[in-house]
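> Below, each chain spelled out in residue letters.
4 protein chains.
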Amino acid sequence: MSSYSKPCVLVTGFTPFDGESINPSWQLAQQLEGETLEGHIIHTKELPCEFDTSIASLTKAIDKYHPSVVICLGQAGGRCDISIERIAININDARIADNAGNQPIDTPVVTHGPDAYFTTLPIKSMLKSAIQAGVPTSISHTAGTYVCNHVMYGLLHYLSTHDLACRGGFVHIPYLPSQAAHHSGAPSMEIDTLVKGIKILITSAITQKQDIKLVAGTTH
Amino acid sequence: MSSYSKPCVLVTGFTPFDGESINPSWQLAQQLEGETLEGHIIHTKELPCEFDTSIASLTKAIDKYHPSVVICLGQAGGRCDISIERIAININDARIADNAGNQPIDTPVVTHGPDAYFTTLPIKSMLKSAIQAGVPTSISHTAGTYVCNHVMYGLLHYLSTHDLACRGGFVHIPYLPSQAAHHSGAPSMEIDTLVKGIKILITSAITQKQDIKLVAGTTH
Amino acid sequence: MSSYSKPCVLVTGFTPFDGESINPSWQLAQQLEGETLEGHIIHTKELPCEFDTSIASLTKAIDKYHPSVVICLGQAGGRCDISIERIAININDARIADNAGNQPIDTPVVTHGPDAYFTTLPIKSMLKSAIQAGVPTSISHTAGTYVCNHVMYGLLHYLSTHDLACRGGFVHIPYLPSQAAHHSGAPSMEIDTLVKGIKILITSAITQKQDIKLVAGTTH
Amino acid sequence: MSSYSKPCVLVTGFTPFDGESINPSWQLAQQLEGETLEGHIIHTKELPCEFDTSIASLTKAIDKYHPSVVICLGQAGGRCDISIERIAININDARIADNAGNQPIDTPVVTHGPDAYFTTLPIKSMLKSAIQAGVPTSISHTAGTYVCNHVMYGLLHYLSTHDLACRGGFVHIPYLPSQAAHHSGAPSMEIDTLVKGIKILITSAITQKQDIKLVAGTTH
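Sequence order for the protein chains is A, B, C and D. Residue 141 in this note's numbering sits at position 141 of the first sequence; the count goes up by one each step and never skips. Residue 1114 in this note's numbering sits at position 114 of the second sequence; the count goes up by one each step and never skips. Residue 2081 in this note's numbering sits at position 81 of the third sequence; the count goes up by one each step and never skips. Residue 3169 in this note's numbering sits at position 169 of the fourth sequence; the count goes up by one each step and never skips.
Excised from the complex, chain A in its bound form:
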């Protein structure tokens, strides 16, 4: 029985993109490597900020670790809190080229795939836990149309089309202060707050099999 048969969680981050020298999603993931939450060891993986190869790298890690929960992290420069994504859509529409120089416009993530996948994480439970702990958190209804949404769709498609007892989703995080210092007007979040918040989200994702009803919707 390999160590990978133990209950575990997979957390991914991305390589830097868009001119940044760091990506807070990978900075954050690294802080979690080897930690144990609710009896689950946390494994981490850095994904390239590239269309296609990012999904290949992710699914390879899933096959290796057999996690019961997968949370992919991504940088959302300009957002002010930890945002839990509700849905991934089957479109690539890149505002800028990815790190491999590709800029797909209005192509599907998966040809003939469904238009979207809802996350299988208990997002309202996760939201409630984080807010109660004093970590600014919200539900987001768009993961964008770049590599973050691409990976989230790829993850949920993989989990949906393979017989895996695994739930998955995506969480966007703000700039770190050291990044925001060079983006006038952009909010930020300190790494300690991010670590605290993401641990709460993971714990909730592990323990809450059924989500709760909680007002967190929008009017548009």
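No lab work stands behind these hints, which were simulated from the structure alone. Treat the hints with care, as some may be off.
For lysine to any residue, the following SDA-like pairs were computed, each having C-alpha atoms within a straight-line distance of at most 20 Å [unchecked claim]:
#, chain 1, residue 1, chain 2, residue 2
1, C, Lys2128, B, Ser1178
2, D, Lys3006, D, Leu3032
3, D, Lys3060, D, His3157
4, B, Lys1209, B, Ser1068
5, A, Lys209, A, Arg167
6, A, Lys213, B, Asn1102
7, B, Lys1128, C, Gly2185
8, B, Lys1213, A, Val110
9, A, Lys213, B, Ile1105
10, C, Lys2213, B, Ser1184
11, D, Lys3199, D, Cys3008
12, D, Lys3128, A, His182
13, B, Lys1209, A, Thr107
14, A, Lys213, B, Val1110
Derived DEER-like restraints, expressed as beta-carbon distance ranges [to be verified]:
#, chain 1, residue 1, chain 2, residue 2, range
15, D, Gly3019, B, Ala1097, 20 to 30 Å
16, B, Gln1030, C, Gln2030, 24 to 34 Å
17, C, Glu2033, D, Ile3022, 54 to 64 Å
From the derived model, a few chain C residues whose C-beta atoms are all more than 10 Å from chain D [claimed, not checked]:
#, residue
18, Lys2045
19, Asp2163
20, His2182
If you're wondering where the values come from, they're calculated on a predicted model, not measured in any experiment. For each residue, glycine too, the CB sits at the ideal point set by N, CA and C.
Position chains B, C and D relative to chain A; hints supplied.
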């Protein structure tokens, strides 16, 4: 042969909600009633700002008019431009009760329906035409989780599950100035600009059978 | 007795700057040329978007027309409503070069001048009138540190140091829609709304000798 | 010779207001009590969030400590970074009542005082130091019209009208994360980041007698 066999477009707006005395979406739709664009007469319909009955009212109008294009309009207080929605998702998650007093939380629009439907309108062509004409317009990747998204999902589900030669989608519009005057810090758009913009969008929707490739995506 | 001895109002706008082909402030001022409000003829003047020469051009127009009210208009790209400036400060701190290529940093508008001048317009009365008429309007507590603030300070210094029965101030306006169409995410205001609003503000400035008490402050 | 004749800095914060149970400005100030920076001991003082009594409390502390630098801190809910205020204006215009129940509208801070006072701190040097250290910081051109501006004006008036070798100013800070968790959409900053940032600002204020030229202005 009834007048309804002539080529036509259906444009809907909503009744006021959230304490407003008017809804700019219906103010705008009324300005278009009876107009002809590219040989298509425009019919309009006011939908109740209510879950379920709004979709019933919409599909009844579709059955009556047999439009080749349906564009549903909705108020997005706080947005600054005309935003063309790309996708509707199968969730009702109401931040406030609708006009009938119902506040569904995390229920499906259509039980066992797909997670989402992409609009069948040529959104990039529409965007390009409006920008070129000087009307502030953008692509939106979330129509929210309230009655607007609900109607958009209901529309696209109906078109998808019936054998109709009809394309459809949703367009959000800002407050009118008279509304924004009482919402400090909220942007607005004048009715004349809205009429100009929506006519351009309808014209593009009628004439562009294939959409164009245009950079209008996001990074998150 | 020259025509200039009749009661009049002077309204100024600026030439385009920062890569724009028009400046909404001058587009707006031109719409008012020759109009009569409350027995006051409106004269207009286009000021260069340049430090120093703008003030010289303004004071020359004041000497020519002997207005009882002066309102200088300026473009505030990114703001969503008509904002009435409360105060001008004695600093030039240019983020970009002006149209003459000068970029003063932390120099005074007037050497040994006071740190600031409050507008002498009845800003709360003006605000109330505009809101009641349904035109989005607010009080602003900073006119920035560029040519707009520079001209406002120059105006108020001139009125303060000369024995003139004249009140003056500055009003910032948003982009026109045709501009905002090329600044994704920027609010706009239609010229008709601007004309309606500025006429209300001028009328109030002429007729209200004493300002009213109205809650329109901030907490920071 | 009393301990108060040693070089020192006075840092003030406020009591909570507007329904909050804490005020980050006082949370931050407390972290600095008794620290020594560049040979200067830091003394702190909590000011009431009230018009008039706040200034009385401040000037009493100045008379007690004879500081060479005074920095007053205040909460700016909704701002995303540490903002160094450039100027205080001679107006009280309260959007909400203060903690004593008073809500002055358009009254002067000091009757017959000048319209405004520029801070006497080297704000561009302070800005540069903080940015270089990776702490999100900016220059602000309005401290509002509430108790924060009131105290800043009172401070600068006191320093200006007394023969004190002391420089002073005001710094606004964002919500703490624990506050922002309950203000959806509001940015926040962690206390550790605030402590790091304010120490840098104080150090710069002590050591930089002459300010530098640095582009940090606005266009409006």
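> Starting from C:Lys2213, check that the Cα of B:Ser1184 is at most 20 Å away, please.
Holds, at roughly 18 Å.
> If we take the beta carbon of C:Lys2045, is the closest beta carbon in chain D still more than 10 Å away?
Holds, since 20 Å exceeds 10 Å.
> Hinted pair, alpha-carbon criterion (20 Å max): B:Lys1209, B:Ser1068. Please report holds or violated.
holds (12 Å)
> Mind checking the hinted window 54 to 64 Å against the Cβ distance between C:Glu2033 and D:Ile3022?
With a Cβ separation near 55 Å, C:Glu2033 and D:Ile3022 satisfy 54 to 64 Å, so the hint holds.
> Holds or violated: the 24 to 34 Å window for the beta-carbon distance between B:Gln1030 and C:Gln2030?
holds (32 Å)
> Would the pair B:Lys1128 and C:Gly2185 pass a check requiring their Cα atoms to be no farther apart than 20 Å?
Given that 20 Å is the threshold and the Cα spacing comes to 16 Å, the pair holds.
> When you check the alpha-carbon spacing of C:Lys2128 and B:Ser1178, does it fall within 20 Å?
Measuring from Cα to Cα gives roughly 14 Å; hence the hint holds.
> Given the hint that D:Lys3199 pairs with D:Cys3008, does the C-alpha gap stay at or below 20 Å?
holds (13 Å)
> Checking one constraint from the list: CA of D:Lys3128 to CA of A:His182, max 20 Å. Satisfied?
Within the cut-off at roughly 11 Å; holds.
> Quick one, are D:Lys3006 and D:Leu3032 close enough, alpha carbons at most 20 Å?
holds (17 Å)
> Mind verifying the non-interface call on C:Asp2163? Its CB should be farther than 10 Å from each CB in chain D.
holds (20 Å)
> Against chain D, does C:His2182 keep a CB gap of more than 10 Å to every residue?
For C:His2182, whose nearest Cβ neighbour in chain D is about 17 Å away, the distance exceeds 10 Å, so it holds.
Checked against the numbered hints above, the structure violates none of them.
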